[in-house]
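**Q** Protein chains in written order, with the working numbering: chain A, 100 to 558; chain B, 100 to 558.
No lab work stands behind these hints: they were computed from the structure.
All of these numbers come straight from a predicted model, not from anything done at the bench.
One should not assume that every hint holds.
The list treats identical chains as interchangeable, and a pair is accepted whether it falls inside one copy or across any two copies.
Stated by the list, open to error - List time: in silico DMTMM-like cross-link candidates among lysine to aspartate or glutamate, alpha-carbon distance up to 20 Å:
id : residue 1 : residue 2
1  : 450       : 468
2  : 450       : 330
3  : 556       : 517
4  : 354       : 364
5  : 183       : 119
Number of protein chains: 2
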Amino acid sequence: MTEPYLLTASEAGTLMKKGDLTVENYAKSLLSRIQERDAQVKAWAYLDPPFVLEQARNLDQIPAEKRGPLHGIAIGVKDVILTKDMPTKLNSPIYSSSGPSTIDAAPIITLRAAGALILGKTTTTEFAAVTTGPSTTNPHDSTRTPGGSSSGSSAAVAGFQVPIALGTQTGGSTIRPGSFNGIFAWKPTWGAVSREGLAQYSVTCDTVGFYARTVGDLEMLGGVLRVEDDERIPERGFGMEGKRIAFCRTHVWGKAGRGTKNAWEGAKKILASRGAEVEEIELPSDFERISEWHANVLAGEGRTSFLGSMCTLLPEAVFELLTQQDYLLAKEKMHPMLHDHVNNTSKLTRKAQLEAYDGCARLRPVWDELASRYDAVLTPSVVDEAPVGTESTGDASFCSIWTILQVPCLNIPGFQGENGMPIGLTLVGPRYTDEHVLWAGKAIGDVFKEEGGWKSKVV
Amino acid sequence: MTEPYLLTASEAGTLMKKGDLTVENYAKSLLSRIQERDAQVKAWAYLDPPFVLEQARNLDQIPAEKRGPLHGIAIGVKDVILTKDMPTKLNSPIYSSSGPSTIDAAPIITLRAAGALILGKTTTTEFAAVTTGPSTTNPHDSTRTPGGSSSGSSAAVAGFQVPIALGTQTGGSTIRPGSFNGIFAWKPTWGAVSREGLAQYSVTCDTVGFYARTVGDLEMLGGVLRVEDDERIPERGFGMEGKRIAFCRTHVWGKAGRGTKNAWEGAKKILASRGAEVEEIELPSDFERISEWHANVLAGEGRTSFLGSMCTLLPEAVFELLTQQDYLLAKEKMHPMLHDHVNNTSKLTRKAQLEAYDGCARLRPVWDELASRYDAVLTPSVVDEAPVGTESTGDASFCSIWTILQVPCLNIPGFQGENGMPIGLTLVGPRYTDEHVLWAGKAIGDVFKEEGGWKSKVV
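If we strip away everything but chain A, and leave its shape as in the complex, we get (with noise of 0.2 Å):
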């Protein structure tokens, strides 16, 4: 038999809801690969196999008529989400001393009223909200980072720690990560799954985001926590004759680096090839801005969000001019953006962050009709692979767009940069149409696979 971490959560989950494999053994095997891999991955910030055998025990007790749809499916959490039974620490010295929450987040209490085993928690940058990494690595190049802030999520679901794994996404910490370790990674419709329990940074542009290396296991998510389109998706699979794919540069497509720039012109030819109608488009000139909005919007709801944390620091000293003794101490507590958030360092006024909201909220409807028109629309993850070094988790321009436009994306791996780490690129579509995305993702990623694909160098 495959060793259990192997497997895909759906492939796990048919044989322990069969009885065919035990959520105790299963739960074993994730952890000793964990223990083989983990000294240098550093994928968790948190994990106590002792009591992940004793929730994998009292789940192997349920009765097989009562079991949930994802029993004793592993499942890593970012450690900006609440969890009951584990510590939030946010990667942030104010929270390194905190414990289990009193409730867990509002998708963590679905996904084990469903039968999931929380694993542990996972690594992440301070708050989700800075670009500087923790020391997690990418599995597929320990020189390299896996990207962030959903580092310890993405890394652990790439080298076969845990099959799924949930992150968040405020610019790009969802799919940046996909795409550096060549993982799917869906970031659904804002609103669509509860963001109750979530660390809070941005309440525009804030999603819960997930990873798995198939998208079966994302559908599976999607089915236990209730994303619904308006219409059923087709039973058959989404056959690429005559589909008409969009492939969307953007205004940002100067950014992007040749490994990037090889897999869209790639990804063009294999679609076709296989029968597609492939066309480029371009965004409205007014599209242009979104970059510049995704700013002043996170900067304007910065300010508001981690006033509270710099007041556990300096409980007297906020409400007056702080001392340059006490901003230094600030300083080295909390990391200078998030300070500079709060004291709106960048002058940003009420009048640019409102500019922001509606000029986004003036094109979201119009990003839905022009993608209603495709298929599918693809359209960079990334500027190009993992960079070397874990001190930036890197840049988040492809995706900040699409995250404050609120729409569905899906990183699909299915290509290589020149250093043969992965590189994929982001199914898109109108507001809800998560299951739609999903679709077509899973049969645009067993194409690309079919026709070479990215090829993981773990296990």
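We have chain A already, so just place chain B on it with the hints.
**A** Just chain B now, with coordinates in the frame of chain A:
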């Protein structure tokens, strides 16, 4: 000396900062007032007097030069806002055994850091989402509702049990009780105060709200929470002479009862007599759809928000067709409306939900532009005075428009209905003009008071 419980927050704060009143003695005065009144009003969901006094004594230990801007000021907190030292139960059987959270909600962190004394948790309707009231009564007439869902916070402030309290608003949950109880109620611009740690119903609408018996107390809170307009507010007061004050009936005016109609005419006459240029304005006709859009946004977002809670109730059954028995069990433990949201009983389509988002987003800047032509805009707060009975907390029609437009709202008491119960009007402004709204509202409130005003029967 005046009984401390009768003081406004600003008055009590000045005395405590100077050391002329200890926080302990202030707390004792409030607790004895509560002891005297609350058997009838029933404003508190949680109150632990010995713990309050212990916190008060701790605050008294802070040396004068280190006391925060809210030193010793007592604040009641609606029981849907997380507190680290008191349970949060959301008036739901699901959370009836919940304890304190590991961390305070973000605004509570900031208020505590400024020296506030968190007094206790106040009653709410279930999840602040339904209109079935708790047993809390109106302090001016115990046969009537104080409104909701911020029932306890509004009743406690009106009844001199606490000078300041926090509510929330998704429809009219802050403003309506403000009117029913004859106090100032401020719902800030959406996003101006962090929502982290507030129970989630509708991310687009949920906003923390504040009650006080004077606008000065609300301004003090706004300062601590850094709710700042682009334009600095003049030092001088908002004189009526020559000010352009608009009266906006809205498309739900047909619901207005005699009390609100009399307040409307009275306010126009009073302000004109003081030299203001009073003008009735009409919203463009597409604003008529906002009430329907508000309902659709709540249905769409409630579908996501309450899934987790429903999973707590029905760990296995939610993922399959519910049996009749399961359904009845859940309905008993969870308000049927919440259940219907999760199950999308209204058959709301994603298309209709998106149309609601985009429609409201389109009208926000239209409103901002329209409102910015005036020095102040008044609109009804409620249908009429507080109805008899505590079963229903009343009609939110006049408030929900402004909630989903995400604009600042201030209920200004000043009138009374046929039964001598208070009726207020709401001052609304363009988004992120909260300081302006409070500045104008203070002056308009003073004028209403000088011209007769609302005569509180309490004390």
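**Q** Would you mind marking each hint as holding or not holding in the structure?
**A** Hints, verified against the model:
{"no.": "1", "hint": "450 / 468", "in the structure": "between (28 Å within a copy, 12 Å between copies)"}
{"no.": "2", "hint": "450 / 330", "in the structure": "between (39 Å within a copy, 10 Å between copies)"}
{"no.": "3", "hint": "556 / 517", "in the structure": "within (15 Å within a copy, 79 Å between copies)"}
{"no.": "4", "hint": "354 / 364", "in the structure": "within (16 Å within a copy, 61 Å between copies)"}
{"no.": "5", "hint": "183 / 119", "in the structure": "neither (30 Å within a copy, 44 Å between copies)"}
Hint compliance for this structure: hint 5 alone is broken.
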